[in-house]
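There are 2 protein chains.
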Amino acid sequence: MAQRIGIIDLGSNTTRMVIYDYERDSYFRLEDEIREVVRLREGMGRTNVLRAAAIQRAVNAMRMFKELGDDLGVSEVIVAATSAVRDAINRDSFLARIKAETGWTLRLLSGEEEGRYGALGAINATCLRDGFVIDLGGGSAQIVEVREGIPGRAVSLPLGALRLTELFLSPDKISPEQVAALQKFIGEQLQPLDWFRFQPGDQLVAIGGAIRNLGKIDQVRKRYPLSSIHGYRLDAAAISGMADRLWRDSLKKRRRVNGLRADRADIIPAAAIAYRALLQHSGFDEITISRPGLREGLFFEHYLSHLPQPIIPDLRRFSVLNLARIFGRDDAHSHHVAFLALRMFDDLRPVHGLDERYRELLWAAGILHDIGAIINYPYHHQHSYYIILNYTLYGYSPRELAIIALIARYHRNKGVPKARELAPLLDETDTQALVVLCGVIRLAEYLERGRRQIVRDLRCHADVENGWVQIETLTTGPAAIELWEAERNLDVLSMALKMEVELVQGVWIETETKRPDAA
Amino acid sequence: MAQRIGIIDLGSNTTRMVIYDYERDSYFRLEDEIREVVRLREGMGRTNVLRAAAIQRAVNAMRMFKELGDDLGVSEVIVAATSAVRDAINRDSFLARIKAETGWTLRLLSGEEEGRYGALGAINATCLRDGFVIDLGGGSAQIVEVREGIPGRAVSLPLGALRLTELFLSPDKISPEQVAALQKFIGEQLQPLDWFRFQPGDQLVAIGGAIRNLGKIDQVRKRYPLSSIHGYRLDAAAISGMADRLWRDSLKKRRRVNGLRADRADIIPAAAIAYRALLQHSGFDEITISRPGLREGLFFEHYLSHLPQPIIPDLRRFSVLNLARIFGRDDAHSHHVAFLALRMFDDLRPVHGLDERYRELLWAAGILHDIGAIINYPYHHQHSYYIILNYTLYGYSPRELAIIALIARYHRNKGVPKARELAPLLDETDTQALVVLCGVIRLAEYLERGRRQIVRDLRCHADVENGWVQIETLTTGPAAIELWEAERNLDVLSMALKMEVELVQGVWIETETKRPDAA
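Protein chains in written order, with my numbering: chain A, 1 to 519; chain B, 1 to 519.
Be a bit skeptical, because a hint or two may be false.
A pair counts as met if it fits within one copy or between any two copies, since identical chains are not told apart.
[Said to hold, decoys possible] Straight-line distance between alpha carbons at most 30 angstroms, and here's what the computed DSBU-like set of lysine-lysine pairs gives:
(1) K99 / K253
(2) K222 / K498
(3) K418 / K173
(4) K173 / K99
(5) K498 / K173
(6) K418 / K184
(7) K414 / K253
(8) K184 / K99
(9) K253 / K173
(10) K222 / K418
(11) K414 / K184
(12) K252 / K173
(13) K498 / K252
(14) K498 / K99
(15) K222 / K99
(16) K184 / K498
(17) K99 / K252
(18) K222 / K414
(19) K253 / K498
(20) K99 / K418
(21) K252 / K222
(22) K414 / K173
(23) K418 / K253
The set of hints was computed from the structure by calculation and includes no laboratory data.
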C-alpha cells in the first residue's frame, strides 16, 4: 500500500519540505514540495546566537509545514536541522520551542551526518561510484568521499555561502580586499584536507541551492536545451569566470542575472568563490550537479531501510521502471518491445558495431516508449519524448537522457531520426548510433503491434559481404499484422546499416535460451 | 467497467480503425489507431466495378484490423463502408468476401447516413450549433446542415478527391483545361443546392484527410504555434491560393510541399479546387477543421445510445472533466480551486469587467491545473500547459485552449504571465484578461494549498474609488498555510487590477448560498 512521508531540512538559509508517496520495492514519487527562505543564520555572526526574528521565521515555517503535512495526510515526518542550529549556543531552547509548537523532535545532524545524507541523495541520483560529494549550504559545506558507491570519510567546514557572506562581504558593493580575505579564509580551511584530491576515475558531485544557481546561470549563457539542472556539468573555467565576475556587480545588478533566483543574489558571489577554491584544491576540472541531496538522502535511508546500505541496487534500471510504473507501463508489452530490441541489438552486433552502453539506453527507451500515450494516442511518441526529458530520471547523464528520449520519439511513424534541439548534447558517434537504435526499436514495436507477444522471439542473420540482413521472427500464432507493419518499417534499419533487411516468418519452439535483458 | 470498442471506416482512399476505451457517463479515450491507404476506388473510373487489386488491399487491411482488434481485446467492432462500396456494382460479393474473411457484417452507409455520422463527430468535437459540416473524402463529399446542434438535411455528391482526380486530372502534370473541366463539373453538382448558403451566425466545419492536409500546409506557411489541426480555421483566401497553386506543380514537387502527406500529393489539387468551389457556392469565408468525423460519429452513437440524440449535452464541460479523469484529477481539490477562482471572478466583476467567456476558461483551467503533476512536481504547472495544448480538448477553439493552458501554466510560482509562443493566438483583450485570470487562479490555488477545502468559500469587497480590494476568506479550520501562501501571492492580482489587495481571515458559516460553477 502506498505510504506518504514528509522530509524537512531546516537549513541556514532555506527550509524545504518534500512529500513522497512510495511503495517499498515498487516506486516512489514526489507528491508535493514547499520551500521557505528562513535565513536562520541571519545575524548570528560570530556570537552563535540564533536571533529572535530568525527563530520566529523558522517556527512559523515549521508550523506551516506541519499543517500542510497534516492536510496531505503524511503518516510520518522526518525533520533534520543542520549547521545554523548545530552551531547555536541557544539550540536547546530552539529545539524545545519547535517541539512545543509542532510536536516534532528535530534530528540535529552532525556535520558528518549531514554530509553522509547529502551523499546518499547524490549517489542514488547520479550513479556516483568513486569521488566526492560537496554540499555547500548556507552555514556549512560538507565534503564526503565516496568509494565503490558508499559514502565514507566526511568533513564539515564553516564554508556555507550565507556565513561567508556575513563574515566577509558587504551586502551590496563588494571590495577586492573583502574577496581577498574571503579567499584566504577558505584556503586555510581547505589546506588540511589532503585526502580531498582527484584520483583518476573520480567524479565530483555537488548538491545544494548555490551550485544549482551557478549551474542555471551557466545553462542560460550556453543556451542549454534542457530545463532540468540535474546531471548538468559545470566546468572549472565556467566556475572560475563566475567567481571573478559576480562579486564585481552591485546587488541590484546581480538580481537581474539571467538564471539566478533573486533571493540568492546576495550569497552567490561567496558561493562561486568557494566552489572555485574547492576545485583548485582538489584538482577536479568539472562538477556534476545533483538535484537530490540531503532530504532525499533522509528519504532513501527510510525507503531502503531493509537493505544493508540505503543505496538503490541497480539505479538506472530502477529509475526507468519507477517512471514506467507511474504511467502504468511496467507491462508485458513494454518489456517485450525492449526484449525484441535487445535481441536485434545483440544479434546484429557484428554489423552495427555499437558500444554496449547504447544497449542499455535502447532497453530504457523500450520500456518507456509508450508513456506518452496518456496525453494522446496519435502523437504519443512525441509525448513520451517530452516526459522522458522532463521527468528527472536518476542515474542518467543529460546526453544519455537525450538518447533515450530520441529513441522513444522515433519508435513509430515515418521519418528519419533527427536530434534537432538536442543535437548539442550528442557527439558524432551518438548521432550515427541513433539511426540504428531507432531502426531497431521501430521494428521491435511493430513486431509487437498487437501487444500480445505473438512474435515471441527473433534471430538475425547477416551476410555482411553481400549486404543483407535477415530477421527471422519466431511466432506463437497468427502474426499477420506484426509482419505486415514490420515489413513496411524496415527502411530506417536498412538505411542505418546500409544493408538490405528482409523479414521471414518462423515458428517459436520452446527452448532453454535465456532472454536478453538489461540486467 | 471500462469497455473497449473498435470502429472502422472503409473509405475510398483510406481505411482506419480507432479503438476507444470508455465508461459510459465517465470518460472515453483513444487507445489505438491504425490507418492504411487501400485506394478502394482506384481504377473504378466510370464502370463502378471494384477492381481485383483494390479488393485484395481492402481484404488484407480488414484481416489485419480484425487481428489487431482481437489482440487488443475489443469486445465490439463497428465497420462502416462508404462511397466506393456504395457505388460499386459488385458490392454484394465484396461484402460477402469481407464477412467470410473476418466474420464482420459491414454497415454500408448511404450518403445521407455517412453525412450524418460525420456531422455527429464534428458536432461533438466543435460545439457547432448552426451551419454545415462538409466531409470531403476519397469518393464522395457530404454536406449536412446543422440546426440547434442537431444534424438535419444532408446530401452526398460525387465530389471525393480521389474520384475527381481520376475523372479529370492527369496523375502528374495537370493542364488548365483539365482544371476548367473539373471546376465546371463541381459547379454543376453544387448548383441545385440552394439550401447550402451562409446565414448570419452560421459556421462551416470540415472533416476528412483532405481538409486536414490543406490545413497543415497553411499551418506550416503561417508558423502556427500549435501542432494540433483540430479547431484550426482556414480562410477563403488561403484555400483559394492553394486551389490556384497546387495543380501547377508536378507530382514530385507536390510531394515535397511542407505539411503535406506524400500519399495525398496526387489528390490534393482536386481537394483544394473542390473546397474553393464549396466556399464560393455557400458564401462562407472560412472553414473550421474538425479532426473527429465519421468514425467518431459512429462511436458517439454507441457511447451515447442512452440519450435521445447522440450529442454530448455539455461538451466543453465534459471535455475538461474527461481529461481530468484520465489524469486522476477530477477530485475535490481541483474542483475547489475552480470554485474559489470563479467566486473571485464573480465578486470582482465590477473591478475587472471581463467578459463571461473568460469565466468558463478560468473554470476549465482550475479543473486541469494539476494534471501535469504526474510528470514531475516541481514544474507541474509547465507540464499541465503542455498536456492541455497537446491533448485534443473538444469544444474549444485554439485561442480558448491557449488561454486555458496559460492560466494553468501560471497557477503557481513567481512571475508575470506571458503568452510567449502562443501570443499569435491571442488578441489585446485576451492578453490583459490573462493577467487577471492568472492572478485569480494563483490565489485560489494557494488558498487551497493543503488540498482540504479549509478555505471553504470567500467574498471579495472592492473600493474602486480608493483603489483597494479585500478578499475575505471563510475558513472551517486552521488555514495558516493557506493564508501565508496566499498573502505572498497577491502581487499578480494586484498588478492586474492596479489595486491594493488585502487578505482577511473570516469564518465559514453554513448558509444556503449556491456554489458558483461553470454549469
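Against the structure, the hints:
no.: 1; hint: K99 / K253; verdict: neither (41 angstroms within a copy, 76 angstroms between copies)
no.: 2; hint: K222 / K498; verdict: neither (36 angstroms within a copy, 37 angstroms between copies)
no.: 3; hint: K418 / K173; verdict: neither (48 angstroms within a copy, 33 angstroms between copies)
no.: 4; hint: K173 / K99; verdict: neither (40 angstroms within a copy, 85 angstroms between copies)
no.: 5; hint: K498 / K173; verdict: neither (63 angstroms within a copy, 34 angstroms between copies)
no.: 6; hint: K418 / K184; verdict: neither (50 angstroms within a copy, 45 angstroms between copies)
no.: 7; hint: K414 / K253; verdict: between (49 angstroms within a copy, 19 angstroms between copies)
no.: 8; hint: K184 / K99; verdict: neither (40 angstroms within a copy, 88 angstroms between copies)
no.: 9; hint: K253 / K173; verdict: within (10 angstroms within a copy, 64 angstroms between copies)
no.: 10; hint: K222 / K418; verdict: both (21 angstroms within a copy, 23 angstroms between copies)
no.: 11; hint: K414 / K184; verdict: neither (61 angstroms within a copy, 38 angstroms between copies)
no.: 12; hint: K252 / K173; verdict: within (10 angstroms within a copy, 67 angstroms between copies)
no.: 13; hint: K498 / K252; verdict: between (58 angstroms within a copy, 25 angstroms between copies)
no.: 14; hint: K498 / K99; verdict: neither (70 angstroms within a copy, 43 angstroms between copies)
no.: 15; hint: K222 / K99; verdict: neither (46 angstroms within a copy, 62 angstroms between copies)
no.: 16; hint: K184 / K498; verdict: neither (61 angstroms within a copy, 50 angstroms between copies)
no.: 17; hint: K99 / K252; verdict: neither (39 angstroms within a copy, 77 angstroms between copies)
no.: 18; hint: K222 / K414; verdict: between (32 angstroms within a copy, 24 angstroms between copies)
no.: 19; hint: K253 / K498; verdict: between (56 angstroms within a copy, 27 angstroms between copies)
no.: 20; hint: K99 / K418; verdict: neither (57 angstroms within a copy, 43 angstroms between copies)
no.: 21; hint: K252 / K222; verdict: within (23 angstroms within a copy, 41 angstroms between copies)
no.: 22; hint: K414 / K173; verdict: between (58 angstroms within a copy, 27 angstroms between copies)
no.: 23; hint: K418 / K253; verdict: between (40 angstroms within a copy, 23 angstroms between copies)
Of the numbered hints given earlier, the model fails hints 1, 2, 3, 4, 5, 6, 8, 11, 14, 15, 16, 17, 20; all others are met.
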